[in-house]
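Asks: Put together the whole structure using the sequences plus the hints.
Just so we're aligned: 24 in this note's numbering is position 18 of the sequence shown, and the numbers increase by one with no gaps anywhere.
Hints are computed from structural coordinates only; laboratory data are not their basis.
No experiment lies behind these values; they were computed from the predicted model shown.
Glycine is no exception: its CB is placed at the ideal position from the N, C-alpha and C atoms.
Warning: the hint list may mix true and false statements.
[To be verified] So the derived label-pair ranges between C-beta atoms look like this:
#1 Arg158 - Ser30: 49 to 57 Å
#2 Gly17 - His155: 23 to 31 Å
#3 Phe96 - Lys34: 30 to 38 Å
#4 Pro157 - Phe86: 37 to 45 Å
#5 Gly43 - Ala146: 51 to 59 Å
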Amino acid sequence: MNEIKPSQSIGIRKSLVDGPEKVSGKAKYSSDFMPIGCLVGRIFRSPVAHAEIIKVDIEEAKLLPGVKAVITGDETDEPFGILPIARFEFPLARDKVRYRGEPVACVAAIDVETAQKAIDLIKFKYKELPAYFTSKDAMAEGTVDLHDHRPRNIEREVDFELGEVDKGLSDADFV
7 MNEIKPSQSI
17 GIRKSLVDGP
27 EKVSGKAKYS
37 SDFMPIGCLV
47 GRIFRSPVAH
57 AEIIKVDIEE
67 AKLLPGVKAV
77 ITGDETDEPF
87 GILPIARFEF
97 PLARDKVRYR
107 GEPVACVAAI
117 DVETAQKAID
127 LIKFKYKELP
137 AYFTSKDAMA
147 EGTVDLHDHR
157 PRNIEREVDF
167 ELGEVDKGLS
177 DADFV
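Replies: Put into structure tokens, the structure is as follows:
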């Protein structure tokens with residue numbers, strides 16, 4: 007039978023098995039390995055917080071030697087949200103961007119440099135919309151909705167009561 011022997015670890019300095027490799031810079035991570043034939047992906051992200059997308063011009067990026075694919079929200083017509091709150095979201099922005107850094111287009115290329123050059127060739131034409139930085143501002147009258155299915159930028163309203171609230175309040179010693 008295996009017996010667990012008491013050991014002391016509190017107050018005792020223990021070396022990490024991979025510590026020397028990490029602090030020396032010799033440790034290898036998954037991003038350090040590039041399988042033969044593996045493509046590199048890069049994402050073009052919105053430079054503005056809120057805007058209507060007029061055009062995402064990817065033609066020059068597609069013509070760059072070494073670029074295998076460039077796509078925009080027009081090619082991603084299936085919502086991907088796995089959480090109920092995100093069930094209507096798409097992997098790439100379509101029609102409008104809702105936050106700075108939202109993915110707008112993506113590139114697959116033979117190496118990092120080519121992928122980045124392709125990203126730099128993408129032309130993004132947009133009409134800037136008001137950006138809201140507090141929930142109070144976002145829900146104010148006259149604001150532009152971030153999502154068409156969320157009027158006044160309210161995700162949902164929840165009214166919840168459990169039990170007999172009025173009786174509980176009247177029976178309480180202190181309120």
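Asks: Check the structure against each numbered hint from earlier and tell me which ones fail, lowest number first.
Replies: 2, 4
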